[in-house]
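Listed here are the chains, written in short residue letters.
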Amino acid sequence: MKRSLAFLTVVAAASLALTSCSGGGAGGESKDGAKSELTFWHGYTEADGKVLNKIVDDFNASQSEVSIKVQTNPWSVIDDTLLPALSSGKGPDIVAMPAERLPVYADKGAFVQLDDFYKNPSSNLDKLIPAAADMETVNGHKYGVPSGFVPLAMFYNKTLFAKAGITAPPTTWDEWIAAAKRLTVDENNDGTPEQFGLGLPDHATVANGVWPSLFYGNGGNVVKDGKAVVDSPENAQTLKTWVDAIRNEKISPAGLDGIAGDKLFSSGKAAMYLGGPWMSSIATENKIDYGIAAVPAGPKDQAASAIGISMGITTQKDEAKAAAAQKFFAYFLQKEQATAWSLGSGWPPLRSDIPASDVAANPVVEALTKQSEFGRPLLPGVVNSTDVLTAVDKLTQRAVAGENIQDLLKETQASVQKIVDAK
Amino acid sequence: MSTIMHKKTTAAPKYRAPAPLGGRRNPAIGQRRKNIQALAFLIPALLVLGAFTAWPMISALRLSFTDASGFGKEKWVGFENYARIFTDPVILNAVVNTALYALLFTPMAVALALVLALLLNDPRLPFRGFFRTALFLPFIISLAVAAIAWSYLIDPQVGLLNYWLGNAGIRIGNVLQDPVLAMPAVAFVAVWKSFGFYMVIFLAGLQEIPGSLYEAAKVDGAGPLMRFRHVTMPMLSNTTAFVLIFALIAALQAFDQIYVMTGGGPYGHTETVVMQIYKSGFQKLDVGFASALSYVLLAATLLLSVVQFVFFGKREREGD
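Residue numbers (the working numbering), protein chains in the order written: chain A, 1 to 423; chain B, 1001 to 1320.
To be clear, the hints were calculated from the coordinates, so they are not data collected in a lab. Using N, Cα and C, we set each Cβ at its ideal position, and we do this for glycine too.
Using C-beta positions, here's what the derived DEER-type ranges look like: (1) Pro363(A) - Pro1184(B): 45 to 51 Å; (2) Ile1209(B) - Arg247(A): 57 to 63 Å; (3) Ile1209(B) - Gly268(A): 55 to 61 Å.
Quick list of in silico lysine to aspartate or glutamate cross-link-like pairs, EDC-like style, CA-CA up to 16 Å: (4) Lys1073(B) - Asp107(A); (5) Lys394(A) - Asp1178(B); (6) Lys1284(B) - Asp107(A); (7) Lys1284(B) - Asp79(A); (8) Lys263(A) - Asp1155(B); (9) Lys269(A) - Asp1155(B); (10) Lys1279(B) - Asp79(A); (11) Lys163(A) - Asp289(A).
Sequences are here, hints too, so could you generate the full structure?
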C-alpha cells in the first residue's frame, strides 16, 4: 500500500541520495581569482563520447579560469535523474539532452536564458545552422546551444537493391513506393512478406520524426506559429498514400516501432529505412552493405525532421558559473573543434561554413552534411512537444490500423490545439 | 514509541519473560532497559523508513497542493491538481485501463495459484518438490528481464512462439500492437510471472489445516468437492483475503513490466495510472500533479483493500 503511494517520491529520494554522492560534489565555489569548477552531464557513450571528452580536456588545458568535469550517463538516465538532481541542488552546471526535452525544462525555469550570448559576436554562433538555432528557442528566448543537429536520412540495403535490379536510390515519393513494392518479397504467399521494401514505423521512433517528415513532403505540418495545423487536405493525402502502401501493398509491417524498425533493417529484412547517424554503426555491426540517401522528395517539398541534442546551463548556480559555461560553448563552436566534433561523433557539422568536403574523412558525415539543408527542427519551442508527438503517434498508429483518416485528423487537430493552448 | 511497545509486550498473554539473571531486581527497571534496547535495535530501520517512506509521503502530500516542478518556485494551487485528475481524458483512460488490468490479472493469478496449490499439496503427486520450485521460478526473475524475454517470444518477426504457432496454423499477429489483445497479453505475462508467489502462500495455508477436519468430514460422508467447499475454503479464507489484497495492490501498481513491453501503447491502450504518475513527474516535470495522482491511487487502493478485508473477515466469522 505504502509502496504504491511512495513510488514516485521514493524513486526521487533514492536517486537524490545517489546523485548527491556522485553529482557536483566537487564543490568548487567560484570566488574571485579562484577556478570555476563545472560539472557537465552528457549521454554520448560511444566514440562520440571520447571525442567530446577530449574537447573538454583541451578546453580545460587552454585556459586557467574554468575547469569542466564530465560525467557520462546514458540519455535515459539523464532524463530520469536530472529532475531529482536539480531539486536537491546537486545537478550539473551544463547538461546535454535530446532537443525535444529542452523546452519542458526551459519553460519551468531550469535553464539560463542565452539571448545575450547569442547576440555576442565572440560566441561563434553567427555561423550556426539557423534551423539548429530554432531548436533552442522557447517562448521567444534562447535557452540552449545545439551539440547535434541531423536530418533523418534514408538508409538502404545495397545487396537487396542489387538483387532486385535497382541501381539508384529513389528520389521522389512515386519512385520510392515503386522501389518498395519491388523490394517486398512474399516467398510463401501467406500474405506476410519475408522481406519488406521499407521499414516505416507508425509510432515510437527516435524523436518521432518519421511521419512529420512525410507531412512536410506534401506541404503539411503539425504545429505552425503556435496553432495546430494537423487537419489539412495535404496531411489527409499523405496519410492515405502511405497507409495504402503499408496496408494494401504491404511494403512495411504495420504496428512497427523504432526499435523493431532498427532490428528489421539490421537483420536484412527491410531494404530501406529512415534513421540518423547511429544507423550506420548498427548496420556495420550487422554486416549490412548500406548506402545513405536523402529522404525522397514529396509532391510539394523535400524535407526531413531533424534529430537534435541541446546543451543548457542550469539556473541553480551563480552567475560566474553561467559565464564560465558560456565560455565553453564558444570554444566548442569554434571551427576547429566543431569539425573535430562532427568527424568524431558522426553527426554533420553545426556550422554552415564547414562544407561536406571538410568532413570527407568520414563518408557517413559527408553524406549527411549534403542533406543538412533539408533538416527541419521538430516542433521547435512547443513546450508540451511530448504530448503533441504522442497525439501524432496515436494518429499514425490508428490510421495504419485502418481507421477513418478524416475523423482521426479532426480528433488529433482538437487534441493538439488543446495541448498547445495549455501553455 | 516506547509506550506502544510496552503495551504490546504486556498484552501478549502467552509470552512469559524468562527470569532475569543475577538475582532479584526491580522488574520495572528491567522492562525499561529492554524497551531501550529494543528501540536501539529499531533505530536504523526507523531512520530508513522515516527518510525513504514517511518523509516522501508527507512531502508528496504537500506537493500535491502546489504546481511544483521539482525545482525553483512553487505556487499553492489548492485542489486544482485533484480536480484535473477527474477531468483529464488521458488520466481517465489510464484509470479505466488500470481497472481492466486489475480485473484481468487478479482473478487469473489467484485462481491459478489456488488450483496449482491444491494439486501440489496432494501427497500422491510425484516430483512435488520439483514442480513447486519450477512454478515458483518465474517470480524470482527480474520483471524487466521477463518482460523483454516475452516481448521477443511474441515478436511478429522473430518470435519463437509465433513461429511455433504459425507451424500449427495459428496466426496471432502483432499481439503487443493490437489495441484489443495488448492488455490481455501483458496481464498474461504478469500472471505467469507472479502466480508462483501466491501459490506458495496458498500452500502454506493448506498445510495449516488440520488433517482431522478432513477425516471427520470423510466420516460424515463428504466427497472431495464437499470437503473443498466446507473445509478447505473456510479454513483458507484468511489466506485468500491476503492473497487477493496483495494481488490487487500489485495490479493497481502495474508499471515496469508494461512499460518495457508496450510503453503504454498501442496508442494508450495499456497506459496505467502509475505510468501517468511517472510521465507527469519525470517527463512533464509536473511534480505537483504527479503527487496528487499518487494520493488518489493510494486512496483507491486503501478503499478496495478495506472492502476486501471486511468482506473476507465477515466470511471467516461466519465460517467459524
